Amino acid sequence: MHPVYVEGIGVLGPGMESWQEAVCLLKSEHAYRPGKTILSPPESLPPAERRRASRGVMAALQVGYAACAMAGVLPAEPASVFASSGGDGDICNAICSALAAGDHLISPTQFHNSVHNAISGYWGIATGAMAPSSVVSAYDGSFAAGLLEAVSLLVSLRTPVLLVASDQDYPFPLSAVRPVPDIFAVALLLTVTPHPGKSLAQIRIAGDLPFAELPGQAMSDLQLDDLSRAIPAARCLPLLQSIARQDTGNIVLAYLPSQYLVLEVAPCR
Amino acid sequence: MISGMTSTSCIGRGLEQTLAALHGRRSGLAPCAFRDMVVDTWVGEVAGVDDEKMDADLRDFNCRNNRLAQLALSQDGFADAVEAAVARWGRRRVGVFLGTSTAGMLRTEWAFRHRDADNGQLPTEFVYAGTHSPYSLTDFVRRKLGLAGPAVAVSSACSSSAKVFAAAQRMVDCGLVDAAVVGGVDSLCATILYGFESLGLLAKEACRPFSGDRAGISIGEAAAFMLVERVTGPQDREAVYLLGAGESSDAYHMSSPHPEGLGARLAMERALASAGLGPEHIDYINLHGTGTVANDAAEAIAIANVFGTATACSSTKGATGHTLGAAGALEATICVLAVQNGFMPSSPYTGPRDQTLEINYISQNQGGAISTVLSNSFGFGGSNCSLIFGRPI
Chain A
-4 MHPVYVEGIG
6 VLGPGMESWQ
16 EAVCLLKSEH
26 AYRPGKTILS
36 PPESLPPAER
46 RRASRGVMAA
56 LQVGYAACAM
66 AGVLPAEPAS
76 VFASSGGDGD
86 ICNAICSALA
96 AGDHLISPTQ
106 FHNSVHNAIS
116 GYWGIATGAM
126 APSSVVSAYD
136 GSFAAGLLEA
146 VSLLVSLRTP
156 VLLVASDQDY
166 PFPLSAVRPV
176 PDIFAVALLL
186 TVTPHPGKSL
196 AQIRIAGDLP
206 FAELPGQAMS
216 DLQLDDLSRA
226 IPAARCLPLL
236 QSIARQDTGN
246 IVLAYLPSQY
256 LVLEVAPCR
Chain B
3 MISGMTSTSC
13 IGRGLEQTLA
23 ALHGRRSGLA
33 PCAFRDMVVD
43 TWVGEVAGVD
53 DEKMDADLRD
63 FNCRNNRLAQ
73 LALSQDGFAD
83 AVEAAVARWG
93 RRRVGVFLGT
103 STAGMLRTEW
113 AFRHRDADNG
123 QLPTEFVYAG
133 THSPYSLTDF
143 VRRKLGLAGP
153 AVAVSSACSS
163 SAKVFAAAQR
173 MVDCGLVDAA
183 VVGGVDSLCA
193 TILYGFESLG
203 LLAKEACRPF
213 SGDRAGISIG
223 EAAAFMLVER
233 VTGPQDREAV
243 YLLGAGESSD
253 AYHMSSPHPE
263 GLGARLAMER
273 ALASAGLGPE
283 HIDYINLHGT
293 GTVANDAAEA
303 IAIANVFGTA
313 TACSSTKGAT
323 GHTLGAAGAL
333 EATICVLAVQ
343 NGFMPSSPYT
353 GPRDQTLEIN
363 YISQNQGGAI
373 STVLSNSFGF
383 GGSNCSLIFG
393 RPI
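Just so you know, the sequences run in chain order A and B.
Our numbering puts the first residue of the first sequence at -4, with every later residue one more than the last.
Our numbering puts the first residue of the second sequence at 3, with every later residue one more than the last.
Calculated directly from the structure, the hints in this document are not laboratory data.
These numbers come from a predicted model, not from an experiment.
A portion of the hints provided could be inaccurate.
[To be verified] Chain B regions said to be covered by chain A (calculated; three or more residues, Cβ under 8 Å):
| no. | region |
| --- | --- |
| 1 | 133 to 144 |
| 2 | 260 to 271 |
[What the hints assert, rightly or not] Short, incomplete list of chain B residues facing chain A, as computed with Cβ under 8 Å:
| no. | residue |
| --- | --- |
| 3 | Thr110 |
| 4 | Phe128 |
| 5 | Tyr130 |
| 6 | Val154 |
| 7 | Lys165 |
| 8 | Thr193 |
| 9 | Ala253 |
| 10 | Tyr254 |
| 11 | Ser257 |
| 12 | Gly381 |
We put the CB at the ideal spot given by N, CA and C, even for glycine.
Input sequences plus hints: build the corresponding full structure.
Given below as structure tokens:
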């Protein structure tokens, strides 16, 4: 499989506000302290969309912009892949609660925001991107599924691809059956050719059957390891750690039940 | 290459019934009598879905969406075709790529009506991963067919099960799979019916796409699957192939199409480019054609810009209803049937012609040699996908 190159990263999660901060945590320069995810919505979202977009959309847009800025790529340019385990939990809860109470008057804005591709739609409206945009899901393996989709899109289009994986917490009662503690969002700007001085890391899907039956090693920082298991999108953290530490070697990511995705990761110097 | 195919919608279980309904210009739409839902509209409900019994080891997946998937999988020898692909390539080299917009939402609505009176919990029989998760459909079908290759759910509203063809083709091209089960399933639920009502988009009668008096959509439900395989050796002149796919984003509005159909135009142009074809090579276009005033007008402008006014077009949503996340795959099967049977299906209800739409919307079924067809699917959020199917070029 053709290698792909990481040129920009955005990340946002509990106790982790940016890639710069995440690098320090992942290199164990600072201890990770879990906290609440703090959003800083991007300025470029038009006022009407800013009013309508949910916090999950805001988080995804924020990391998407950050990854593009780091790579020096205009956000309108790359094709995109949006991966998420679930849709918008707040809206789903509101609609199902109202319907159960016999209230059939669904808010039109809530209804169109309930689609799983709301993030992709808002990304297009905010950035003007008319490129292909994939919207994928694979439960706890959604990040890995998104990465596979992004790599295959990159190989097919040969233009930069922005991968954004994000998940958000559900309110009660869905929180009891799908406990996701907070918002986590990550974005990788991927290219098909390396740019010396700009590319951070090289990722290659390991062969034609790049799957393992057993998970990889736990992360050494137990609290980061907990975070990586608590929110589906945070399953990217072993990969981010490898990139932050400039390690060379194989990374095993959560994918499907008893089927883990194996990546060969190496730094670009 | 398409080596297996099946579809089930309100016009029929399996391809034979589907083809007969299209030939007879029969619609499966009827006034909404789905469960206890009170909506002044017509829907395309599939009969007998709730008679499906789930296998004991797949009980966690029991919801209308997965029962509809199971009903469809048992038609047209589809499961046997998949088993033959497994024999050729191996279980781990056959992927599953399925689209859905609402998965088992009807089951979630049920769970919210049956919360525990004391602690507010959802009933213990409610299984999030098996019914509510967007991936629940893919997970169910993958287990039902005993596959172990890469798998993903695509959920981009009404383009979902068109975009799965593009995703699967890319995976074949980059060598991660040799064959793929591709398709989509969406089923009726209150969120969809009342949601579209709140947007004022539901027709009060059966929808009449592209007519001068069109007044909105009719919601339908469907399950449609195709088996797409890597081409090895010489092309089979009798077979139908996925020749191209094009995707785009409107970057315009969450629930209204770009008024000049700019995103739609890009998707069609990209599909033609990926197939290496010009607009003159397309014999028939199966339109997205939902039946709303704005959608059909935007699509007509986009078609006229890419193809001019001569290419035969129709929407089959007057027969099946708009099956949302299943529409792309359902209409893909109709396109393959059109090529295999040399006929272009018209709508059951064409209504008075809309003189402002300058496209060749066919008002009668037409026969003839049809070798290459294009199918459009456009969704909320401005998600567009066009697919091209046909005989080898």
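Enumerated hints in conflict with the structure, sorted upward = Structure breaks no hint.
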